[in-house]
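Visitor: Protein chains in written order, with this note's numbering: chain Z, 3 to 340; chain R, 3 to 340; chain P, 3 to 340; chain E, 3 to 340.
By construction, these hints were calculated from the structure, which means they are not laboratory data. Worth double-checking, as some hints may not be accurate.
No copy is singled out in the list; a pair is fine if it fits within one copy or between any two copies.
[As the list claims (entries may be wrong)] Straight-line C-alpha distance at most 25 Å; calculated DMTMM-like pairs for lysine to aspartate or glutamate:
1) K83 with E211
2) K84 with E107
3) K139 with E188
4) K332 with E201
5) K246 with D80
6) K91 with E201
7) K42 with E314
8) K238 with E291
9) K84 with D320
10) K200 with E135
11) K62 with D134
12) K327 with D88
13) K42 with D315
14) K330 with E288
15) K169 with E210
16) K139 with E10
17) K83 with E321
18) K42 with E136
19) K168 with D134
20) K332 with D129
21) K327 with E220
22) K91 with E188
23) K246 with E335
24) K139 with E210
25) K234 with E135
26) K139 with E221
27) K169 with D225
28) K262 with E291
Every value quoted in this text rests on a predicted model; they were computed, and no experiment measured them.
Number of protein chains: 4
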Amino acid sequence: MQYITFDEKRPMDLVLLGRVAVDFNPVDYFHPLAECTTFKKYVGGSPANIAVGVSRHGLKAGFFARVSDDQFGDFVTDFFKKEGIDVTKIRRCEHGEKIGLTFTEILSPTESSILMYRNCIADLQLDPADIDEEYIKNTKAILISGTSLAASPSREAALKAVMLAKKNGTVIIFDIDYRPYNWVSEDEISIYYSLVAKESDIIMGSREEFNLTERLIEEGRSDEESAAAWHKEQAKIVIIKHGKEGSTAYTNDGNRYSIKPFPVTALKSFGGGDGYGSGFLYGLFEGWEMIDCLEFGSAEAAMMVASHSCSEDLPGPDEVHAFIKESKEKYGEMIARA
Amino acid sequence: MQYITFDEKRPMDLVLLGRVAVDFNPVDYFHPLAECTTFKKYVGGSPANIAVGVSRHGLKAGFFARVSDDQFGDFVTDFFKKEGIDVTKIRRCEHGEKIGLTFTEILSPTESSILMYRNCIADLQLDPADIDEEYIKNTKAILISGTSLAASPSREAALKAVMLAKKNGTVIIFDIDYRPYNWVSEDEISIYYSLVAKESDIIMGSREEFNLTERLIEEGRSDEESAAAWHKEQAKIVIIKHGKEGSTAYTNDGNRYSIKPFPVTALKSFGGGDGYGSGFLYGLFEGWEMIDCLEFGSAEAAMMVASHSCSEDLPGPDEVHAFIKESKEKYGEMIARA
Amino acid sequence: MQYITFDEKRPMDLVLLGRVAVDFNPVDYFHPLAECTTFKKYVGGSPANIAVGVSRHGLKAGFFARVSDDQFGDFVTDFFKKEGIDVTKIRRCEHGEKIGLTFTEILSPTESSILMYRNCIADLQLDPADIDEEYIKNTKAILISGTSLAASPSREAALKAVMLAKKNGTVIIFDIDYRPYNWVSEDEISIYYSLVAKESDIIMGSREEFNLTERLIEEGRSDEESAAAWHKEQAKIVIIKHGKEGSTAYTNDGNRYSIKPFPVTALKSFGGGDGYGSGFLYGLFEGWEMIDCLEFGSAEAAMMVASHSCSEDLPGPDEVHAFIKESKEKYGEMIARA
Amino acid sequence: MQYITFDEKRPMDLVLLGRVAVDFNPVDYFHPLAECTTFKKYVGGSPANIAVGVSRHGLKAGFFARVSDDQFGDFVTDFFKKEGIDVTKIRRCEHGEKIGLTFTEILSPTESSILMYRNCIADLQLDPADIDEEYIKNTKAILISGTSLAASPSREAALKAVMLAKKNGTVIIFDIDYRPYNWVSEDEISIYYSLVAKESDIIMGSREEFNLTERLIEEGRSDEESAAAWHKEQAKIVIIKHGKEGSTAYTNDGNRYSIKPFPVTALKSFGGGDGYGSGFLYGLFEGWEMIDCLEFGSAEAAMMVASHSCSEDLPGPDEVHAFIKESKEKYGEMIARA
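When you get a sec, could you build the whole thing from the sequences and use the hints?
Guide: Here it is as structure tokens:
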């Protein structure tokens, strides 16, 4: 069943709004960050990774962002261009703000942490004036990354984008994508997450992220209660993730579809979510059944936790299909299906 | 007909959220401010004036605010206490922020301007942590002054209050109360005004203020279109003001009620709105017919533009009734009715 | 004896650098500020008062300052013009900064306090780029008010003015004028006060102000030790004040000259210092003996603590001479001489 | 001849004040930074490099600094400890400020540029309260890096250190070390550089750096005029550098000593200055003749421009002596002597 209808006449498939960053991942990993000596540089930032992911699957993506007016700004813009992402709405910062950096500490396949440079940062300079109504009118869907809500003026840029998407019938996807950095208080998180969630057609997040969102509305909801509450607003699909336990998509016809992770030898414990998002959204745009969208997302997630980067290693659809086929041959047809 | 039902079991009638300020009005008015030599000091700020107004009519009012930790903070708190307003939720600033000042320039009865001190100002320090759910649960209604939305953290405090009011069945009144100061852009104004307007039971503002609110949703609405749009959200009563042309309350049963100003010799062109608000809300709490609420508000507005202060000169109900009686005897029964 | 030689060819006598403010003094004084209802508005701020004072004595004064771009900016500029002060180097603020306000609380003739509005304030926006070398080259002396050192960019504007004064042989007068507001730490105070004191020809301050200045150099100096230390730098005259005990000018020839206050019925405990400064500097420019400069300053101080304002009531030289004559007839020739 | 006398009873040789940073140098250099994929991480920042350099020569060094409270703060502190540098006065930041990052772009041996992360940066949080008088009393010399003067509170920490060094007879070394980042205006640069230069026993900088320092005092000075002017203040040694043309030490007995660069195959065009500083100061502490100090500094500079890092590759004295010996054997005894 189709829960979301995209306006096929629109030239752009997905416009993302949020941070583009640069990741530095240690080459000599499985050591504390202080001891790592050599790093590989990659484009990073959750919505940036999803943009790359869906583009590699053939969708036409665009991006609302601010990046630094320096060599790293060049780097991410050039990379996006090379991937076929439309960069006409990516603007340079004017007051020396730098692009966010993420240094990853990979202690073991399951223990990771990140050291983020996010003070006076480029992505949070996204300005309401950067948000172009025509651009939103020409895209089938817009994805709001929750991190964009952490501070002004990016916060207002995101809220404006939501208002204009609603006005123009553009599908709104909210990827909660919580990062503790930049937020001032838990009240702020609940206020702004819930404001966007109320207007969204699709909401994606972990149980913890839904808890943060609902804190001022009703504490202690179960997944079913959360899904039901957001369905009463605008949501058609509510995806709640439980890490290694898998995730479930609750649809506004009362159905639920669950998926488990594919078995894989992980290198790092991050990057999976962006693979999941790319794969799931690709399936949705293709008009697949919900369970197939989820399976494709789960497979792409597994491929990404086994990779060194969160962007450069994103697969094309054939590779994901091949990975699924191979996994099923190895572990059985129902390997990821709950 | 009753458009709003108040929960009579709640001890507090109206909690206001927003700025408390100090007004300095020239004694030697009808001169440019630079030339005025002597000033009278009054409590001021639109929601503060309405709090005083409704208290003088016998309602039990409370206030969420931050005031300066100095003699002017003492002044406004003492004045509120004397008026019977609950000040337990009025907190002092902790980082030297000062209470807002308004120096009024009264060039003639129709030409006024104001010089505001609103940099690093106390009222905009209202913090989400100051917003107490129990307090909101115990009041029949909460009035949000739009000025509180102009900057963080007051902005989030107001949004939190709206969320908690909704959660607890407290009537939400939105007094748009636009002041250009402190706002960063027109986009911000439309974003935050419309967010609060969407959740409000009663919205009060001038045509210009509704235009600011609706700018990102739909430009160029007529009064009827504005009212209809907000009725589709939560609003039961939408009051749109046109200055000397009078104002109209649009109710969610499709009715409209219009009132004109009472004739009066004005001293200054401000202070009327707060009198209007106090009188109108008093009538509403009394359960009067809509047109009687409006007439009472209009009468109180007329009394205030003829007075030197916006707070100290606010009348009790007997005085307003007397003024209406006298005006009708002088000008006819229908003097203010459109 | 002449301790300071002024370059008589220069058209301007004294350029002051620092704050111009607006004072609001209660008309119904001898009550707590919170209870005062009516206020008189005056030009204020120590260097502004001295500028008015010396102008009324016939000196040609100029001013480096930033004032607000509003009616209060007009007020002070108009007042300065009327007094004959050159206002060509007084610029308006460009980012909404307001002119400082001082509300005075006069509890009794000896108990006063002030409530200052000094957040995001105009005078501290004075920019190094505002400091014009030609202007400094054309004035006999420049007076730096210590308050200008409290924050950037005014701090750097003052330091630049000192550097250019030194380069151009302009006499440097440092009026320490300590106000606790805006300073971040005692270390900062000592650092910047001592930097300017080292370059100054005349230093004026209370014992407490010298202690603040010398804190990082040597604590616990006596007046004689302070004077000797600054004489080893550039100072020719070091004036140290002890309130009601009187004050002493230490000159770099090893002499000292002491003066006591004139008896007077005080209205308020501030404003005296600016009268003292105006009178003393006038005598100095006239080439008087040191003790006569001090007597004239002390007399003018006495006249000012008996007045309601700190600016408008500043006397002309004839009035000061008359006051001295009258006091000596009443109390004896040596009334103020230690 | 000995131009500087160190107090041999003091346990610490050199305390440095300024930035500690982390350098990321591309492994795949000789490409634009945007295209470089792999980076080596090193301790960096000019005074940090000099601290490492002199420690490797056997001097006892300490450091006043603020570093980030994260894994990079651990990295630099651990590295310093391993090098024998006293880290008891290196404090962690308390408000999330991050350690400065320098990404180097090495296009060719002569074309380099840097991309710096210096917004809300750790080193500029050095606070006057961090500056411990006992520590300064126990060191023979203190080196102030000019970058520490770029913003408050580090600026005031540096000025306080200079005041306390002067009070306690500690030799003051000023390494101008100009970085455009963080400075607000050229006026500020001249004001603060000249304030520190006036109090310094040794001043080291390029011609351009002396021009920046002297801009508000006298423009267009020759090297001889600059040296003479600073000798009239406190300076005993003034070193003015002219890049590949070599550098000259002007001593306050009217002598001058010049040195040229050693021939070397450069890898990058930075890092030389810190080697020069380490080597020169080492010679000075050893009591060598001026020309020998310079030669040793020049040799160490040459070794550093041929190395990948600016810290890890710093040599010990034997290596520098060997380099000099080898160079002289190859190119002649006078190879670096002008």
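Visitor: Are the hints correct? Go through all of them and say.
Guide: Hints versus structure:
Proximity of K83 and E211 under a CA criterion of 25 Å is satisfied in neither setting, with 32 Å inside one chain copy and 41 Å between copies. Taking the shortest Cα distances, K84 and E107 sit within 25 Å of each other only across copies (22 Å), while inside one copy they are farther apart (28 Å). In the homo-oligomer, the alpha carbons of K139 and E188 lie at most 25 Å apart only across protomers (21 Å), although the nearest pairing inside one protomer, at 33 Å, exceeds that limit. Taking the shortest alpha-carbon separations for K332 and E201, neither the intra-copy value of 42 Å nor the inter-copy value of 54 Å comes in at or below 25 Å.
Taking CA atoms no more than 25 Å apart as the test, K246 paired with D80 passes in neither setting, with 35 Å inside one copy and 36 Å between copies. Proximity of K91 to E201 under the C-alpha cut-off of 25 Å is restricted to the intra-copy arrangement: shortest distance 23 Å within a copy versus 32 Å between copies. When the C-alpha separation of K42 and E314 is checked against a cutoff of 25 Å, the pair qualifies both within a copy, at 11 Å, and between copies, at 20 Å. Within a single copy, K238 and E291 get their C-alpha atoms as close as 14 Å, which meets the 25 Å cut-off; across copies the closest is 42 Å, which misses it.
Only within a single protomer do K84 and D320 lie at most 25 Å apart by alpha-carbon distance; the minimum there is 20 Å, versus 51 Å between protomers. Taking identical chains as interchangeable, the C-alpha atoms of K200 and E135 lie at most 25 Å apart whether they share a chain (21 Å) or sit on different chains (21 Å). Taking CA atoms no more than 25 Å apart as the test, K62 paired with D134 passes inside one copy only; the shortest distance there is 17 Å, against 47 Å between copies. In the homo-oligomer, the alpha carbons of K327 and D88 never lie at most 25 Å apart, since the shortest distance is 32 Å inside one protomer and 60 Å across protomers.
Proximity of K42 to D315 under the C-alpha cut-off of 25 Å is found in both arrangements, the shortest distances being 13 Å within a copy and 22 Å between copies. Taking the shortest Cα distances, K330 and E288 sit within 25 Å of each other inside one copy (22 Å), while across copies they are farther apart (71 Å). For a Cα distance limit of 25 Å, the shortest separation of K169 from E210 across copies, 21 Å, qualifies, whereas the shortest one inside one copy, 30 Å, does not. In this assembly of identical chains, the alpha carbons of K139 and E10 lie at most 25 Å apart only when taken from the same copy (12 Å versus 48 Å across copies).
For a Cα distance limit of 25 Å, the shortest separation of K83 from E321 inside one copy, 22 Å, qualifies, whereas the shortest one across copies, 49 Å, does not. Proximity of K42 and E136 under a CA criterion of 25 Å is satisfied in neither setting, with 38 Å inside one chain copy and 44 Å between copies. In this assembly of identical chains, the alpha carbons of K168 and D134 lie at most 25 Å apart only when taken from the same copy (14 Å versus 32 Å across copies). Taking CA atoms no more than 25 Å apart as the test, K332 paired with D129 passes in neither setting, with 49 Å inside one copy and 56 Å between copies.
In this assembly of identical chains, K327 and E220 lie within 25 Å of each other by CA distance neither inside one copy nor across copies; the values are 42 Å within and 50 Å between. Within a single copy, K91 and E188 get their C-alpha atoms only as close as 31 Å, which misses the 25 Å cut-off; across copies the closest is 21 Å, which meets it. Taking the closest pair of Cα atoms, K246 and E335 come within 25 Å of each other only inside a single copy of the chain (19 Å); across copies the shortest separation is 70 Å, beyond that limit. For the identical chains of this complex, K139 and E210 are neighbours neither inside a copy (33 Å) nor across copies (27 Å), given an alpha-carbon limit of 25 Å.
Within a single copy, K234 and E135 get their C-alpha atoms only as close as 27 Å, which misses the 25 Å cut-off; across copies the closest is 24 Å, which meets it. Only between protomers do K139 and E221 lie at most 25 Å apart by alpha-carbon distance; the minimum there is 17 Å, versus 36 Å within a single protomer. When the C-alpha separation of K169 and D225 is checked against a cutoff of 25 Å, the pair qualifies only between copies, where the shortest distance is 20 Å, while the shortest distance within a copy is 30 Å. Taking identical chains as interchangeable, the C-alpha atoms of K262 and E291 lie at most 25 Å apart only when both belong to the same chain, with a minimum of 16 Å there against 61 Å between chains.
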